[in-house]
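Put together the whole structure using the sequences plus the hints.
Here are the chains, one letter per residue:
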Amino acid sequence: MDSERVDQIIEEYQCEASALIQILLRIQEEAHWLSRNALERVSERLGVSMTRIMHIATFYKAFSLVPKGRHEVHICVGTACHVRGAERVLDSVEEATGLKPGETDLDLKFSLETVNCVGCCALGPVMQVDKKTYGKLSAGETINVLQSYE
Amino acid sequence: MSEVLLQIDGNEVRATEGMTILEAAREAGVSIPTLCHHEKLEAHGGCRLCMVEVEERGRSKLVVSCIYPVANDQAVTTRSEQVDRIRKMILELLLAHAPDSETLLELGREYGADKDRFDKQASFCINCGLCVRYCAEVKKADAVGFLDRGTRRDIAFIPEIAARECWQCKECFPLCPTSALQAAYMLVSSLAFPEARHQAPSEC
Chain A
1 MDSERVDQII
11 EEYQCEASAL
21 IQILLRIQEE
31 AHWLSRNALE
41 RVSERLGVSM
51 TRIMHIATFY
61 KAFSLVPKGR
71 HEVHICVGTA
81 CHVRGAERVL
91 DSVEEATGLK
101 PGETDLDLKF
111 SLETVNCVGC
121 CALGPVMQVD
131 KKTYGKLSAG
141 ETINVLQSYE
Chain B
1001 MSEVLLQIDG
1011 NEVRATEGMT
1021 ILEAAREAGV
1031 SIPTLCHHEK
1041 LEAHGGCRLC
1051 MVEVEERGRS
1061 KLVVSCIYPV
1071 ANDQAVTTRS
1081 EQVDRIRKMI
1091 LELLLAHAPD
1101 SETLLELGRE
1111 YGADKDRFDK
1121 QASFCINCGL
1131 CVRYCAEVKK
1141 ADAVGFLDRG
1151 TRRDIAFIPE
1161 IAARECWQCK
1171 ECFPLCPTSA
1181 LQAAYMLVSS
1191 LAFPEARHQA
1201 PSEC
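Residue numbers (the numbering used here), protein chains in the order written: chain A, 1 to 150; chain B, 1001 to 1204.
Incorrect hints may appear among the rest.
[Said to hold, decoys possible] Chain A is faced by these chain B residues, among others (derived, beta-carbon under 10 Å):
| # | residue |
| --- | --- |
| 1 | Gly1010 |
| 2 | Val1132 |
| 3 | Arg1153 |
| 4 | Cys1169 |
[Stated by the list, open to error] What follows is a list of derived Cβ distance ranges for each label pair:
| # | chain 1 | residue 1 | chain 2 | residue 2 | range |
| --- | --- | --- | --- | --- | --- |
| 5 | A | Ala80 | B | Lys1040 | 50 to 58 Å |
| 6 | B | Leu1147 | A | Glu94 | 25 to 33 Å |
| 7 | B | Gly1045 | A | Leu108 | 38 to 46 Å |
| 8 | B | Arg1117 | A | Tyr60 | 28 to 36 Å |
These aren't lab readings, by the way, just hints derived from the structure by calculation.
Every value quoted in this text rests on a predicted model; they were computed, and no experiment measured them.
Heads up, the beta-carbon is just placed ideally off N, CA and C, and yes, glycines get one too.
Structural data, given as structure tokens:
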């Protein structure tokens, strides 16, 4: 993300230091990670020290300091999904993408993460891609869903 | 500011409203062990070592004295079987992180803590936050801060700021109860500003 876009986002929030987390979330959403340049720009414009920004950026799991893929794949491995076969879903995603949980592929298409509950246990096993939730998945359906993403 | 009358270890103590139990006790000459407390800094309540027993309105409870305000008719016990047991446990847990810290070993001897009770996880830092808070509140430099959270929380210097601020200051070094801070600084300094090491005498 170039620094002009970062500036635009910062100005939407009137350079308010209290909007730090909102600004970081917007950058994360658009760029899929928080680059060093972006963080330095935010630090400079908001007058918030880099120490504080790093503390916040490493504290929340929503932020990433390494590039993430365009699509974030979250596989629920909570108790209900686990019982309903989350392992099989996870295996088929790992097979299809070649990724382990926590990894991102080279062309920055998918990032794979496991999560511990997304709050719709009746739909288990559940996978979320970006913000869309897919429930009652079989291994085959999982692969079809992933193939529908560019 | 109104005056408050309370009991500490059976003695009547006068304190001012708004003071913490720790401050009142220290003023009265009663010592309570602390690791994360420093007069110049905002109370943190992080190490929990200053835990005392307070009896209020007929009920007794355990509170962290460095952040608990004094009130009338409190009866504070700074050493009891329960308090000592908690302090011993805290020290044993902290010693798993910093087994060679003189400060911790000394307190450990006083409270009978076994430094080998838990498996060593030598991070050397006990996350007391003294360096982080001193740098932010007193020096306003923000050269050192916390990264990550929970069990992975750690202190780290931001190299760009450290290169500018730390070489002349280093006031946080004597605050550190475990010397982990010096190690973190040496690591950053050797990576981030190697040229500075040649200019300074070898004092470390």
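Each hint, compared with the structure:
1. Gly1010: violated (43 Å)
2. Val1132: The hint holds - Val1132/B has a Cβ within 10 Å of chain A, the shortest such distance being about 8 Å.
3. Arg1153: Holds, because the Cβ-Cβ distance from Arg1153/B to chain A comes to roughly 9 Å (cut-off 10 Å).
4. Cys1169: With a closest approach of 15 Å, the Cys1169/B hint is violated.
5. Ala80/A - Lys1040/B: 50 to 58 Å: holds (51 Å)
6. Leu1147/B - Glu94/A: 25 to 33 Å: holds (29 Å)
7. Gly1045/B - Leu108/A: 38 to 46 Å: The hinted range 38 to 46 Å holds for Gly1045/B and Leu108/A, with Cβ atoms some 43 Å apart.
8. Arg1117/B - Tyr60/A: 28 to 36 Å: Since Arg1117/B and Tyr60/A have Cβ atoms about 34 Å apart, the given range 28 to 36 Å holds.
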